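Number of protein chains: 2
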Amino acid sequence: MTSKNAFYAQSGGVTSVINASACGVIETSRKHGDQIGTVFAGRNGIIGALCEDLIDTSRESEADIAALKNTPAGAFGSCRFKLKSLEENRREYERLIEVFKAHDIGYFFYNGGGDSADTCFKVSQLSETMGFPVQAIHIPKTVDNDLPITDNCPGFGSVAKYIAVSALEASFDVASMAKTSTKVFILEVMGRHAGWIAAAGGLIEDYDIPVLVLFPEIDFDQDKFLAAVRHKVETHGYCTIVVSEGARNADGRFLAEQGTRDAFGHAQLGGVAPVVANMVKDALGYKYHWAVADYLQRAARHIASASDLEQAYALGQAGVEMALAGENAIMPTIERVSSSPYVWQIGRAKLADVANVEKTMPREFITEDGFGITAECREYLYPLIQGEAYPDYDERGMPRYVVLKNELIDKKLGEFEL
Amino acid sequence: MTSKNAFYAQSGGVTSVINASACGVIETSRKHGDQIGTVFAGRNGIIGALCEDLIDTSRESEADIAALKNTPAGAFGSCRFKLKSLEENRREYERLIEVFKAHDIGYFFYNGGGDSADTCFKVSQLSETMGFPVQAIHIPKTVDNDLPITDNCPGFGSVAKYIAVSALEASFDVASMAKTSTKVFILEVMGRHAGWIAAAGGLIEDYDIPVLVLFPEIDFDQDKFLAAVRHKVETHGYCTIVVSEGARNADGRFLAEQGTRDAFGHAQLGGVAPVVANMVKDALGYKYHWAVADYLQRAARHIASASDLEQAYALGQAGVEMALAGENAIMPTIERVSSSPYVWQIGRAKLADVANVEKTMPREFITEDGFGITAECREYLYPLIQGEAYPDYDERGMPRYVVLKNELIDKKLGEFEL
Numbered sequence: 074m075t076s077k078n079a080f081y082a083q084s085g086g087v088t089s090v091i092n093a094s095a096c097g098v099i100e101t102s103r104k105h106g107d108q109i110g111t112v113f114a115g116r117n118g119i120i121g122a123l124c125e126d127l128i129d130t131s132r133e134s135e136a137d138i139a140a141l142k143n144t145p146a147g148a149f150g151s152c153r154f155k156l157k158s159l160e161e162n163r164r165e166y167e168r169l170i171e172v173f174k175a176h177d178i179g180y181f182f183y184n185g186g187g188d189s190a191d192t193c194f195k196v197s198q199l200s201e202t203m204g205f206p207v208q209a210i211h212i213p214k215t216v217d218n219d220l221p222i223t224d225n226c227p228g229f230g231s232v233a234k235y236i237a238v239s240a241l242e243a244s245f246d247v248a249s250m251a252k253t254s255t256k257v258f259i260l261e262v263m264g265r266h267a268g269w270i271a272a273a274g275g276l277i278e279d280y281d282i283p284v285l286v287l288f289p290e291i292d293f294d295q296d297k298f299l300a301a302v303r304h305k306v307e308t309h310g311y312c313t314i315v316v317s318e319g320a321r322n323a324d325g326r327f328l329a330e331q332g333t334r335d336a337f338g339h340a341q342l343g344g345v346a347p348v349v350a351n352m353v354k355d356a357l358g359y360k361y362h363w364a365v366a367d368y369l370q371r372a373a374r375h376i377a378s379a380s381d382l383e384q385a386y387a388l389g390q391a392g393v394e395m396a397l398a399g400e401n402a403i404m405p406t407i408e409r410v411s412s413s414p415y416v417w418q419i420g421r422a423k424l425a426d427v428a429n430v431e432k433t434m435p436r437e438f439i440t441e442d443g444f445g446i447t448a449e450c451r452e453y454l455y456p457l458i459q460g461e462a463y464p465d466y467d468e469r470g471m472p473r474y475v476v477l478k479n480e481l482i483d484k485k486l487g488e489f490e491l
Numbered sequence: 074m075t076s077k078n079a080f081y082a083q084s085g086g087v088t089s090v091i092n093a094s095a096c097g098v099i100e101t102s103r104k105h106g107d108q109i110g111t112v113f114a115g116r117n118g119i120i121g122a123l124c125e126d127l128i129d130t131s132r133e134s135e136a137d138i139a140a141l142k143n144t145p146a147g148a149f150g151s152c153r154f155k156l157k158s159l160e161e162n163r164r165e166y167e168r169l170i171e172v173f174k175a176h177d178i179g180y181f182f183y184n185g186g187g188d189s190a191d192t193c194f195k196v197s198q199l200s201e202t203m204g205f206p207v208q209a210i211h212i213p214k215t216v217d218n219d220l221p222i223t224d225n226c227p228g229f230g231s232v233a234k235y236i237a238v239s240a241l242e243a244s245f246d247v248a249s250m251a252k253t254s255t256k257v258f259i260l261e262v263m264g265r266h267a268g269w270i271a272a273a274g275g276l277i278e279d280y281d282i283p284v285l286v287l288f289p290e291i292d293f294d295q296d297k298f299l300a301a302v303r304h305k306v307e308t309h310g311y312c313t314i315v316v317s318e319g320a321r322n323a324d325g326r327f328l329a330e331q332g333t334r335d336a337f338g339h340a341q342l343g344g345v346a347p348v349v350a351n352m353v354k355d356a357l358g359y360k361y362h363w364a365v366a367d368y369l370q371r372a373a374r375h376i377a378s379a380s381d382l383e384q385a386y387a388l389g390q391a392g393v394e395m396a397l398a399g400e401n402a403i404m405p406t407i408e409r410v411s412s413s414p415y416v417w418q419i420g421r422a423k424l425a426d427v428a429n430v431e432k433t434m435p436r437e438f439i440t441e442d443g444f445g446i447t448a449e450c451r452e453y454l455y456p457l458i459q460g461e462a463y464p465d466y467d468e469r470g471m472p473r474y475v476v477l478k479n480e481l482i483d484k485k486l487g488e489f490e491l
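Order-wise, the sequence lines are chains A and B.
Each number in my numbering comes from the position in the first sequence (counting from 1) with 73 added on.
Each number in my numbering comes from the position in the second sequence (counting from 1) with 73 added on.
With the rest of the complex left out, here is chain A (with noise of 0.2 Å):
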C-alpha cells in the first residue's frame, strides 16, 4: 500500500479542547506510519496550505503531542479565512491542490464550524476533478453547538460547563451581597446565532437559583424581562440573567447594538450585558454587577468537560480511520445512545447535509416564558459536562500548557497572495 502524507488545520475560533482532535489525529496517524507518511500541519489554518507554511508535525515528541490533549486553544494557529466560492476564486482551490501534490497530501483534515465544512465538501469535490484526488474529512468544532446531525460539537460541552459553573458560584457571590448591595448579575456568553452556552446558564435553577436567560432564538420583549427581572428579586431577593451575546429584539436587531457609546459618541461593538445592566437600572433601579465571559469560556481549558475531551479525541482518531477506510467527503459525529447513563458512539454524516446548516436551540428546549431550558434541556446538556478532565499543574501553581516547536518545512513552490 502507498503511503501518502496527511494535512490537518484549525479553523475559525479556537476552543479549549481542539487540540485534544489535533492529538487524536496525529497519534492516530503515527498508529498507521505504513499508510499516512507525515502530517503536515497549517501554520495558522487553512492560510498555511495556501502559503505552504506547513508544520512538520513528526518533529514534535510523542509526550508535547500527548500534552496538546491538556492545551487550549489552536497549538498550530487558526484563522478567520473563508475561502470564497468556487466561481469567485478557483485559483484557491487549484492553489490548495497544488500544494498538496507538492507535498504528496493525500487526507484533508479540516478542524472547524459551518464554514469549514463547506470549504472541505468543496475541497473533496474539486480534488479529483482536478487531478490530484484528497480524501477531505471535516473534524468538527465549535463552541457555538451549532452544527446538524451530530448531538453535539467538541468545544461546547467545556464552555457549557465553564458557564454553569462559573454562573453558580457568581449567583452564590451575588446571594452573600443581595441584602445590602448587588441585586442582579448579568453574565453575558456567547453564541451569536444560537443559545446553547447559554442555555449551560439555565441549570443553575436546579440550585435554587433565581436565574433568567435571554437566548437569540427568543425575541427580547423588554416589557415581559423587567417584570420576570422584578418578579425574580422581590421572591428571592436576588436575580442571575444569563445573556447570549446574540440576544436581539423583535426586528432582528441585536440588543448589543442599541448600545453604548463611547465619550467621543462612537457605537461600541460588543457588550450587551452593560446594554442589560442599564436597562434594568433605569427600570427597577437595582444595583448591579456584569461581567462578560469573552475568550475566558472558551479557553478554560482549566475547567474543561471530561467527557467533551474525550470526544474531541475520539473524533480526530475517527477522522484518520474514516481516512484509512477510503471514505470522503465526510464528518464523524457524536450520536448519543442514551442520556442516563450517558452512552454514545461515533457516527458519520455526509458533508453535503453539513455545509451551511445551523442548528439553534429547538423550541421545546426552552421554556414557554422564554427565559429558562426545560426538563428536555437538562437532559440533552447535563452528559456533556459530565466529568472534570484537569491539566496538570506545575509547583508553581500554574498549568502545564504545551507550546510546540512548529517547524515549518521548506517550500517547493512559488509565493501565494492571500
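Hints are not guaranteed to be accurate.
[What the hints assert, rightly or not] 25 Å max Cα-Cα, derived SDA-like pairs, lysine to any residue:
#: 1; chain 1: B; residue 1: K297; chain 2: B; residue 2: M352
#: 2; chain 1: A; residue 1: K478; chain 2: B; residue 2: V306
#: 3; chain 1: A; residue 1: K157; chain 2: B; residue 2: K360
[Stated by the list, open to error] With beta-carbon atoms standing in for the labels, derived distance ranges:
#: 4; chain 1: A; residue 1: G420; chain 2: B; residue 2: R265; range: 48 to 56 Å
#: 5; chain 1: A; residue 1: S413; chain 2: B; residue 2: R436; range: 51 to 59 Å
#: 6; chain 1: B; residue 1: R469; chain 2: A; residue 2: D294; range: 25 to 33 Å
#: 7; chain 1: B; residue 1: R469; chain 2: A; residue 2: H105; range: 34 to 42 Å
#: 8; chain 1: B; residue 1: E408; chain 2: A; residue 2: R473; range: 28 to 36 Å
[What the hints assert, rightly or not] Which stretches of chain A does chain B cover? Using the computed rule of at least three CB atoms under 8 Å from a CB of chain B, they are:
#: 9; region: 78 to 92
#: 10; region: 142 to 156
#: 11; region: 235 to 243
#: 12; region: 355 to 369
#: 13; region: 452 to 462
#: 14; region: 468 to 482
These aren't lab readings, by the way, just hints derived from the structure by calculation.
These numbers come from a predicted model, not from an experiment.
Think of the CB as a built atom: it goes at the ideal place given N, C-alpha and C, for glycine as much as any other residue.
Given chain A, work out where chain B should sit, using these hints.
Only chain B this time, still in chain A's reference frame:
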C-alpha cells in the same frame, strides 16, 4: 470556666474561601465546647447582629460545616454596611452590646477587610466601657490583598490564581487567532485602589506571552501605553492587556469614568475594558476582544489556590484560639518565613495598627516602565497560588456547594431600625 457564646459575621465583598474561615471558626469553637457555647452567625453580616437575626450554627451538621471549605461566597450572607463613627451613631454600638448581652456573647469574630477591622476595633474598645466586655477578633479577608501587616489576605491567592490561569488561557486563544483576527485581548480585573489582582495577570510573561498590566498605582499615560501595545503586536503578533478597574489618569480620574455612555447619554459605570479596547482600536486599528471577569473572579472556587484555602481556614482557627487565650482587639496574620520552599506561620497584629491602613503595590514590584511585574513580585505571588484545591463534583458534572439551613434563633429584644 464559664462558657460564653460567640458571634461570627462575614463582611463586605465575599471571596471563594471566606467560608473556609467560617469553617475554621466553627469547627475550632466546637472543639472547645467547655469555653464556647454556641456560635451564632450574623444573617447578612453585622446587620444580623444589629437586627438580632442570629443564625444558630449548632443546628448545622458536621458534614455541612465541613463542606463550607468547598463552597464560595458568604454562606450566612454578607453586607456592605459600615458602622458610623462612634460620635455619629453611638446607638449602633450600644445595640451591638445589647444584643451580645441578651445572647451571652463573649466572642466577636468579624471576617472582613479594612473597614471591618475598624468596626471590630471599635467594638473591642467599647464593650468594656459599656459594661459587657466582648473579645473582638478580626479574621482577615479581602480579594484586594490590601490589609497591612499580614503577608497576604485570604481570598487574594485564589483570585490571583484565577486571573493568572484565565489570562494565560485567553492569551493562548489570542495567539491562535492573531494572524487574521483578534490581535489585542483586554481583561478587566478587580482592584479599585490596589493592583495586586492585576499583578497576577503579569505572571503569564513567564510563558513568553506579550502582556501589559495597567495598575491603579501608576498614572496612566496614553501615548506610552499605545506605543507599548504597538510594540508588543509588532514583535509578537498580539498583545494581552490586564487592566485593573482602578486604573486612573494622572489627575486621579478613573479610566472607566472617561468611559462609555448608553444610548441615552447616561454615563456608564464599570467597564474600563471597553474604554481601553476603543482606545486601542481608534489609535492602532487592531481587532480586539475584551472580557470583564467581575464576580466570576472572586467566586471562582473551582480554581481556588490550595495555599489560600489552607490559610483561610487556619486564620479562622487561629482567631478562635487567640480569643480562648484571652486576646482582644487583634487580627491573626500570615507571616512568610520563606518563599521557596513556601513556609508560613500565623502571626498577629493589633487592630489599632490595621484599621484604616491600605497596602498598595510597592513600586519595586512594578517594572520601571510601569507595565509589568518584577522578579520580586513573582517571588511574592507564586506561593499564594500554589496548589489546586478542587471542590467535589456530582455525577452530573456540577460542583457540590453546600447551602446551609441558616435557622434563626428566637429574638429577645425589640426591633432596631437600621
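Discussion item. Checking each numbered hint in turn, tell me which of them this model violates, lowest number first.
Written reply: none
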